[in-house]
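Undergrad: Chains A and U supply the protein sequences, listed in that same order.
For the first sequence, the tail end lands on 355 under this note's numbering, and the numbers increase by one without skipping.
For the second sequence, the tail end lands on 224 under this note's numbering, and the numbers increase by one without skipping.
Just to be clear, a hint being listed does not mean it is correct.
[Unchecked claim] Not the full set, but computed from the structure, chain U residues with beta-carbon under 8 Å of chain A: (1) P45; (2) Y46; (3) A77; (4) E81; (5) Y83; (6) R130; (7) P131; (8) N162; (9) L163; (10) Q166.
None of these hints come from the bench; they were simulated from the model.
Because the structure is a prediction, the values reported are computed rather than measured.
We put the beta carbon where it would ideally sit given N, CA and C, even for glycine.
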Amino acid sequence: MADKVLMKGNEAIAEAAIIAGCRHYFGYPITPQTEVAAYMAKKMPKIGGTFLQAESEIAAINMVYGVSSAGKRVMTSSSSPGISLKGEGLSYLAGADLPAFVVNVQRGGPGLGGIQPSQSDYFQSTRGGGHGDYRMIVYAPASVQEMASLTVKAFESADKYRMTAMILADGTMGQMMEPVDLASLKVNPAPEKLWATTGTGKKREHNIINSLYLKPEELEKVNFERYERYQTVEADEVMYEEYLMNDAEICVAAFGIAARVSKNAINEARARGIKVGMIRPITLWPFPKNVFKKAAEKAHTFISVELSMGQMIEDVKLSTECKANYLLCNRVGGMIPLPEQVLKCIENAAKGELK
Amino acid sequence: MKYKRITVVCGHYGSGKTNVALNMAYEQRQRGEDVSIADLDIVNPYFRTKDSIDELNNRGIGLICSDYAGTNLDIPALPDEMYAITDNINKNYVLDIGGDDRGALALGRLAPQIIKENDYSMIAVINMYRPLTRDYKSTIEVLREIEYAGGISFTAVINNSNLGVQTTSEDVLASISYAQEVSNNMSIPIIATSVSEKLKNELDGKIDNLFLMKLQKSLINKEC
Chain A
1 MADKVLMKGN EAIAEAAIIA GCRHYFGYPI TPQTEVAAYM AKKMPKIGGT
51 FLQAESEIAA INMVYGVSSA GKRVMTSSSS PGISLKGEGL SYLAGADLPA
101 FVVNVQRGGP GLGGIQPSQS DYFQSTRGGG HGDYRMIVYA PASVQEMASL
151 TVKAFESADK YRMTAMILAD GTMGQMMEPV DLASLKVNPA PEKLWATTGT
201 GKKREHNIIN SLYLKPEELE KVNFERYERY QTVEADEVMY EEYLMNDAEI
251 CVAAFGIAAR VSKNAINEAR ARGIKVGMIR PITLWPFPKN VFKKAAEKAH
301 TFISVELSMG QMIEDVKLST ECKANYLLCN RVGGMIPLPE QVLKCIENAA
351 KGELK
Chain U
1 MKYKRITVVC GHYGSGKTNV ALNMAYEQRQ RGEDVSIADL DIVNPYFRTK
51 DSIDELNNRG IGLICSDYAG TNLDIPALPD EMYAITDNIN KNYVLDIGGD
101 DRGALALGRL APQIIKENDY SMIAVINMYR PLTRDYKSTI EVLREIEYAG
151 GISFTAVINN SNLGVQTTSE DVLASISYAQ EVSNNMSIPI IATSVSEKLK
201 NELDGKIDNL FLMKLQKSLI NKEC
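My request is simple: use the sequences and hints to build the entire structure.
TA: If you want it as structure tokens, here you go:
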């Protein structure tokens, strides 16, 4: 294991971003993601990059807009209340078709909430967060290694589709320490960005980065075109993990820390003879709709294990066309479900009790 | 291990300071010493010594920490009781200082008194598996920043190189030359290599001054 290092999830994101070629970080400290900024503050000056602690989250996301316009790989990170502040910027990035990497290490909400882990920004990240018709590609890591590998993936897909790609982690993922194999990270270089504002050299027309379209016909056209691109993303970029789903009559849906807790519960339930498995969405948008739809051919009950009041469960219901039974197994406010709680839900579902 | 009245435990963020400090206090207590641990971390609101308060109470180890430690109120506060560390010279203390130079600032307030009394050791906890202290040069760079902020020079190194629960004896053995380089270049001794107790049998006789860590600080998710 000499090639491995012991990292916090937040540090793994920062190091993986550097490996992915990101040399520009703008942020504002907020627990539980501050280690991303602290790591960048130490490392960026040594490799000729930019670390800038902006005066606010709003300033930071607009700095991301600027650097992305110039064609460079760039990122910002925050936690729930800070991401709300970035909402306007996220919408402008989408409206200008700019690639960006944004990290949300969630804490309990709403409002200032608390500093313990949560997954209650699922709606915010998969349904927009800012105004207007747009999507972000949303990755949900369930280990420190995935915090690193999905960071690289996010930079690549952001560039490929000229979209914002987000890591939506819970505070546990940001704070926990695990060995990481950084040498295993393979990076595709950024594609040539002919649209970037890099200077014409008097050899081409000016490139203009803009989200303002005053003629409704034009604005409609760019929206339609953008959604055609989103269809490609839905077709090609879905990521998920299936666990013991071959014969599953009960399907647990969980991501991030909830998936790790659920795995323990599923193993115990299997030992008790219950045919239960798990689908772990790794991309929350695009959501693995077809995988859930197929699972509904065998599974009579879906249990959504979440650190929220029940947000992903809506996508589980939509994907399975509301044809099965559904059960929410949750803790909120910074609490984490224990395997015993999930096991109890699974046992209830096996008995046909929906509670 | 031999202990002075005050043992200051410092190091890079995430190098394992709290675990080492807990176990140093525990070893002194087992020898019948009157010992307290002082959590002076002003950097990290999580994974605090206070999380282990029951384990400490049960073993008769005192705890000095901010009222806000472990309450999720994320403010860099220090306890007024911290002055007992230099005032109460009939008792031993292990000081768990926050990570990096930012954490070591808290030590600066006590440094003149500690140096004046001159019954202390200043321990550098090092872990070559942490990404920013992979070699002796980067490690010493971090340790020098800590000395500058904290106002005390290191007197010894503890090699706590580990990969968390997945650490193997090979990982520990592979870190020996690294620790030696840190020690040589700072002209201070390696007083121990600290490992989880479960590696005892595999490492016995292979490493000088093996320090077995019997206590493990509380983690947020023991189940997973």
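Undergrad: Hint by hint, say whether it matches the structure.
TA: Outcome of the hint check:
Annotation: interface hint on U/P45 holds; nearest CB of chain A at approximately 6 Å, less than 8 Å. A distance limit of 8 Å between C-beta atoms decides the matter here; for U/Y46 the minimum to chain A is near 6 Å, and the interface restraint holds. Interface hint status for U/A77: violated, as the beta-carbon distance to the closest one in chain A is roughly 15 Å, over 8 Å. With 8 Å as the threshold, the beta carbon of U/E81 stays out of range of chain A, its nearest partner Cβ sitting at about 24 Å, so the hint is violated.
Against a cut-off of 8 Å between C-beta atoms, the interface hint on U/Y83 is violated, since the closest Cβ of chain A lies about 28 Å away. Using the Cβ-Cβ criterion of 8 Å, the hint placing U/R130 at the interface with chain A is satisfied: the shortest such distance is roughly 6 Å. Interface hint status for U/P131: upheld, as the beta-carbon distance to the closest one in chain A is roughly 5 Å, under 8 Å. At a threshold of 8 Å, the smallest CB-CB gap from U/N162 to chain A is about 7 Å, leaving the interface hint in force.
About 4 Å separates the beta-carbon of U/L163 from the nearest beta-carbon of chain A, less than 8 Å, and the hint is met. Below 8 Å, beta-carbon pairs count as interface contacts, and U/Q166 has one with chain A at about 5 Å; its hint therefore holds.
Checked against the numbered hints above, the structure violates hints 3, 4, 5; every other hint is satisfied.
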